[in-house]
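Peer 1: With chain A held as given, fit chain B onto it using these hints.
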Amino acid sequence: KAGVTQTPRYLIKTRGQQVTLSCSPISGHRSVSWYQQTPGQGLQFLFEYFSETQRNKGNFPGRFSGRQFSNSRSEMNVSTLELGDSALYLCASSLAFPNYEQYFGPGTRLTVT
Amino acid sequence: AQTVTQSQPEMSVQEAETVTLSCTYDTSESDYYLFWYKQPPSRQMILVIRQEAYKQQNATENRFSVNFQKAAKSFSLKISDSQLGDAAMYFCAYRSNTGNQFYFGTGTSLTVIP
Chain A
247 KAGVTQTPRY
257 LIKTRGQQVT
267 LSCSPISGHR
277 SVSWYQQTPG
287 QGLQFLFEYF
297 SETQRNKGNF
307 PGRFSGRQFS
317 NSRSEMNVST
327 LELGDSALYL
337 CASSLAFPNY
347 EQYFGPGTRL
357 TVT
Chain B
247 AQTVTQSQPE
257 MSVQEAETVT
267 LSCTYDTSES
277 DYYLFWYKQP
287 PSRQMILVIR
297 QEAYKQQNAT
307 ENRFSVNFQK
317 AAKSFSLKIS
327 DSQLGDAAMY
337 FCAYRSNTGN
347 QFYFGTGTSL
357 TVIP
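Protein chains in written order, with the numbering used here: chain A, 247 to 359; chain B, 247 to 360.
Chain A extracted, bound-state conformation:
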């Protein structure tokens, strides 16, 4: 089975711009979660989608949004980028109940200048 894929792998944007990141889960996985990873804060949960519905949301401003499509692929959007948004954005998929294991993608490295 193919693993979780994320595109693009690297991205450089300037302040004020917006960005869209994409995640394709493992085939058959219906839950997709997004995390922001920074050296100082570790992994912070952004949100989780299941069957096109957002089930959980972390403590991030409204500039961070996401969606999930009927094929379980998910996108994450960040508007009005700030320097502090520079991070590795990780996507993880799982089968959801009763399987609680998450499988991670390689991440998208976003640099905001």
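Since the hints were derived computationally from the structure, they do not count as laboratory data. C-beta atoms are modelled at their ideal positions from N, C-alpha and C, and glycine is treated no differently. Among the clues, some could well be false.
Only part of the chain A face toward chain B is listed, based on derived beta-carbon distances under 8 angstroms [stated by the list, open to error]: (1) 288; (2) 289; (3) 294; (4) 302; (5) 306; (6) 334; (7) 336; (8) 347; (9) 348; (10) 350; (11) 352; (12) 353.
If you want the ones that stay clear, here's a sample from chain A, every Cβ over 10 angstroms from chain B, calculated [to be verified]: (13) 248; (14) 258; (15) 262; (16) 264; (17) 267; (18) 268; (19) 272; (20) 273; (21) 307; (22) 309; (23) 316; (24) 317; (25) 323; (26) 326; (27) 327.
Result set (SDA-like, lysine to any residue): computed pairs, CA atoms no more than 25 angstroms apart in a straight line [claimed, not checked]: (28) A:303 x B:279; (29) A:259 x A:332; (30) B:324 x B:268; (31) A:303 x B:251; (32) B:319 x A:290; (33) B:324 x B:305; (34) B:319 x A:347; (35) A:303 x B:270; (36) A:303 x B:272; (37) B:301 x A:347; (38) A:303 x B:271; (39) B:324 x B:357.
Peer 2: Relative to the frame of chain A, chain B by itself:
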């Protein structure tokens, strides 16, 4: 909200030796899952081991084993016969049986010395 604490930002171990990484968590729930993930320098996060809170027996996966102390809310990872490929950042994670969110610790960077 649940919190996961990894008090060792960095650890090192001699090749072929044993090392233990610590993790504590705070929760009022009785049923939950605990995980250790490994993130090598290539950045792909990999599941190392999983423990169900209702199971008293500690989980084991080859050279990796855990010491799960439910009353103490402690979940340490023991790596035996350490190999160079074990060098990575290790994250402890918690997930409740009712929620869908994972809570991660801040990670422990493990160096393996040849």
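Peer 1: Is it the case that residue 323 (chain A) keeps its Cβ farther than 10 angstroms from each residue Cβ in chain B?
Peer 2: Label holds. Min Cβ-Cβ 20 angstroms, cutoff 10 angstroms.
Peer 1: Could you check if residue 306 (chain A) really has its C-beta closer than 8 angstroms to a C-beta on chain B?
Peer 2: Hint on residue 306 (chain A): violated, closest Cβ of chain B at ~13 angstroms, above 8 angstroms.
Peer 1: Starting from residue 324 (chain B), check that the Cα of residue 305 (chain B) is at most 25 angstroms away, please.
Peer 2: Judged against 25 angstroms, a Cα distance of about 11 angstroms means the pair holds.
Peer 1: Has the given pair, residue 303 (chain A) with residue 251 (chain B), been kept, meaning a C-alpha gap of at most 25 angstroms?
Peer 2: Roughly 21 angstroms separates the two Cα atoms, so the pair holds.
Peer 1: Since residue 273 (chain A) was said not to touch the interface, does its Cβ keep a gap of more than 10 angstroms from each Cβ of chain B?
Peer 2: holds (18 angstroms)
Peer 1: Using Cβ atoms and 10 angstroms as the threshold, tell me whether residue 258 (chain A) really stays out of contact range of chain B.
Peer 2: Its Cβ never comes within 10 angstroms of chain B, the nearest being 17 angstroms, so this holds.
Peer 1: Please settle this one: residue 262 (chain A) was flagged as non-interface, so is its CB more than 10 angstroms from every CB on chain B?
Peer 2: holds (27 angstroms)
Peer 1: Just checking, residue 317 (chain A) versus chain B, shortest CB gap more than 10 angstroms?
Peer 2: holds (20 angstroms)
Peer 1: Does the structure keep residue 319 (chain B) and residue 290 (chain A) at a Cα separation of 25 angstroms or less?
Peer 2: holds (21 angstroms)
Peer 1: For the pair supplied as a hint, residue 303 (chain A) and residue 270 (chain B), confirm whether the alpha-carbon distance does not exceed 25 angstroms.
Peer 2: Judged against 25 angstroms, a Cα distance of about 24 angstroms means the pair holds.
Peer 1: Hold the hint about residue 289 (chain A) up to the distance rule: shortest CB distance to chain B must be less than 8 angstroms.
Peer 2: holds (4 angstroms)
Peer 1: So is residue 316 (chain A) really clear of chain B, every C-beta pair being over 10 angstroms apart?
Peer 2: Given that every Cβ of chain B is farther than 10 angstroms from that of residue 316 (chain A), nearest at about 20 angstroms, it holds.
The earlier numbered hint that this structure contradicts is number 5, and it is the only one.
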